[in-house]
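Trainee: Input sequences plus hints: build the corresponding full structure.
Each chain, written out:
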Amino acid sequence: MTNQNKHIHRYHRHMSVSYAVSLRQRLYSFVLVPILSFILVFVVLSKFGGQGFALRESITWGYVFSALIVTFARLLLAYVLALLIAIPLALLINYSPKIERILFPLFDVIQSVPVLAFFPVVILFFVHYNFYNGAAIFVLLVTMAWSIVFSMVGGLQVIPSDIKSAAKVFGLTGINYIDKILLPAVVPYLVTGSLLAWAGGWNIIIVAEVLHTYIPGGSGAMDLFGIGSVLVATSASNNQRDFLMALTGLVVFVALMNFFVWQKLLKYSEKFKFE
Amino acid sequence: MQTEAKKTEQHAEESVKAINLISFKDVAKIYSGNPLPSLAGLNFEVADGEFFCIVGPSGCGKSTILKIIAGLEEETSGEVVKPDKVAMVFQSGALLPWLNVFENVCLGLKAKGVSNAWMKEEAYKFIEMVGLSDYENKYPRDLSGGQRQRVGLARALAVSPKVLLLDEPFSALDTGTTEELHKDLIKIWKTTKKTIVMVSHSIEEAVSLAGRIMLMKSGKEKNIYNIELPYPRRELEADFIHHVQTIRKEFFK
Numbered sequence: 001m002t003n004q005n006k007h008i009h010r011y012h013r014h015m016s017v018s019y020a021v022s023l024r025q026r027l028y029s030f031v032l033v034p035i036l037s038f039i040l041v042f043v044v045l046s047k048f049g050g051q052g053f054a055l056r057e058s059i060t061w062g063y064v065f066s067a068l069i070v071t072f073a074r075l076l077l078a079y080v081l082a083l084l085i086a087i088p089l090a091l092l093i094n095y096s097p098k099i100e101r102i103l104f105p106l107f108d109v110i111q112s113v114p115v116l117a118f119f120p121v122v123i124l125f126f127v128h129y130n131f132y133n134g135a136a137i138f139v140l141l142v143t144m145a146w147s148i149v150f151s152m153v154g155g156l157q158v159i160p161s162d163i164k165s166a167a168k169v170f171g172l173t174g175i176n177y178i179d180k181i182l183l184p185a186v187v188p189y190l191v192t193g194s195l196l197a198w199a200g201g202w203n204i205i206i207v208a209e210v211l212h213t214y215i216p217g218g219s220g221a222m223d224l225f226g227i228g229s230v231l232v233a234t235s236a237s238n239n240q241r242d243f244l245m246a247l248t249g250l251v252v253f254v255a256l257m258n259f260f261v262w263q264k265l266l267k268y269s270e271k272f273k274f275e
Numbered sequence: 276m277q278t279e280a281k282k283t284e285q286h287a288e289e290s291v292k293a294i295n296l297i298s299f300k301d302v303a304k305i306y307s308g309n310p311l312p313s314l315a316g317l318n319f320e321v322a323d324g325e326f327f328c329i330v331g332p333s334g335c336g337k338s339t340i341l342k343i344i345a346g347l348e349e350e351t352s353g354e355v356v357k358p359d360k361v362a363m364v365f366q367s368g369a370l371l372p373w374l375n376v377f378e379n380v381c382l383g384l385k386a387k388g389v390s391n392a393w394m395k396e397e398a399y400k401f402i403e404m405v406g407l408s409d410y411e412n413k414y415p416r417d418l419s420g421g422q423r424q425r426v427g428l429a430r431a432l433a434v435s436p437k438v439l440l441l442d443e444p445f446s447a448l449d450t451g452t453t454e455e456l457h458k459d460l461i462k463i464w465k466t467t468k469k470t471i472v473m474v475s476h477s478i479e480e481a482v483s484l485a486g487r488i489m490l491m492k493s494g495k496e497k498n499i500y501n502i503e504l505p506y507p508r509r510e511l512e513a514d515f516i517h518h519v520q521t522i523r524k525e526f527f528k
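If you read the protein sequences in the order shown, they are chains A and B. Taking our numbering, the leading residue of the first sequence gets 1, the next gets one more, and so forth. Taking our numbering, the leading residue of the second sequence gets 276, the next gets one more, and so forth.
Hint data in this document are derived by calculation from the structure and do not stem from the laboratory. Since we're looking at a predicted model, the values are computed, not measured. Check the hints yourself; a few may be wrong.
Computed cross-link-like contacts, DSSO-like style, restricted to lysine-lysine with a CA-CA straight-line distance of at most 27 angstroms [stated by the list, open to error]:
#, chain 1, residue 1, chain 2, residue 2
1, B, Lys465, B, Lys387
2, B, Lys437, A, Lys164
3, B, Lys497, B, Lys469
4, A, Lys264, B, Lys413
5, B, Lys395, A, Lys271
To give an idea of the chain B side of the interface with chain A (calculated C-beta under 10 angstroms), a few residues [unchecked claim]:
#, residue
6, Gly368
7, Leu370
8, Leu374
9, Leu384
10, Arg416
11, Leu440
12, Leu448
13, Lys458
Just so it is clear, CB atoms sit at the ideal spot from N, CA and C, and this is done for glycine as well.
Mentor: Right, here's the structure in full:
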């Protein structure tokens with residue numbers, strides 16, 4: 001009798017477990033996050049992030065903060081786009097050795113050309129359509145996508161063969177195989193790839209927002225508002241106090257992001273590592 | 276008259292029993308880029324409900340047989356008869372580190388698309404059978420090597436396979452754990468009446484588990500031994516030692 005009760009208890013305890021949760025998580029990460037970040041980014045960029053940036057006489061912390069938010073929005077949009085491109089690309093490379101043989105050398109060459117070399121051409125294209133933010137986001141996207149693609153391909157290559165065999169024996173094919181085996185298995189690599197992508201992104205923002213230097217006869221009125229252009233403008237005008245404020249803001253922001261986002265994600269990704 | 280009818284009935288029963296679930300006829304397997312064949316004209320059969328063990332030196336093609344039965348590899352030539360529904364227990368366990376015991380056991384059921392209620396019932400049945408009832412929420416990294424193999428066993432049983440393939444599942448475990456798992460495996464084999472095909476590098480292990488043992492050498496069957504000892508088999512009994520010695524002699528010949 002007690003044994004039976006224990007049984008019933010056990011069955012009930014598990015009525016609401018895990019698979020539903022993971023589905024919700026997936027919904028969050030693959031649908032809600034991109035949509036929300038797009039909305040956030042468009043609101044922020046259309047309100048504050050347009051071109052026609054002119055440096056204020058003397059900047060405030062609020063001003064630095066708004067520049068950081070605008071830049072962050074730009075990076076976030078570029079990152080989400082980079083993920084949407086990089087993940088299918090990495091899966092494609094992993095899927096077929098033939099595709100890998102064609103694409104990988106190509107990637108190696110393209111990746112080794114500094115993204116800034118493309119910049120003038122790209123800018124002229126976007127400026128032609130009067131879409132200045134597009135130019136900045138494109139450059140950020142290209143910078144970010146590579147490290148995600150390469151990390152993820154590396155992660156896919158080190159999945160133990162027993163795991164792949166088990167997936168096949170137990171009937172996980174197609175979307176199921178990608179969703180239940182490949183994507184979880186590369187979480188640690190996606191996290192480190194993303195970390196590198198953001199590091200590269202913050203690095204390139206200094207140039208990506210200061211568009212006028214790439215446009216023949218361009219002026220400061222073509223620059224995009226953001227922490228990158230504030231840094232450049234304050235340093236150019238030799239305003240040390242303002243430059244230090246902007247720099248401090250950037251350092252604190254990146255440090256906070258490191259602490260609250262990357263450390264947490266790195267810890268979370270431990271769960272997905274094979275032994 | 277009556278006795279004759281009984282006899283034919285018995286006969287029919289026997290011939291049904293003798294139906295082979297797995298049959299390899301002159302099977303060869305050559306991996307591309309490898310000049311030596313992994314299997315070179317292999318012949319053997321496994322009957323329904325049998326505990327069949329394959330032993331042989333490393334590189335003799337043992338694992339290739341399991342891969343062919345599991346559908347992971349295709350034979351290069353020859354004729355293979357095998358059931359569709361097979362499941363496998365791997366040497367490394369091959370558990371997914373991001374899933375807990377329950378979710379790992381559900382893996383095959385989930386892929387089959389069975390109802391949630393059925394999935395839970397089946398998963399718990401086999402988690403209990405392998406003795407991990409209190410570990411269903413634990414993750415593989417929190418389990419011992421023996422417990423991980425138990426999870427692998429439950430995951431394989433849960434898809435109700437016709438054949439259970441075991442690829443040296445106990446070779447990374449210590450002696451005590453291995454012995455315990457042997458005992459439980461025999462118990463499970465007897466209750467579920469599954470056909471088991473196991474690969475092992477240990478002759479003692481094969482003799483303590485299997486009803487029939489196939490000794491292999493360079494991609495071919497060298498000898499097949501019937502082991503008709505009652506369970507539980509004890510390693511110190513004369514019959515046991517005799518079987519081990521006989522096989523060992525051939526093994527090193």
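Trainee: Of the hints given before, which are not true for this structure?
Mentor: 12, 13
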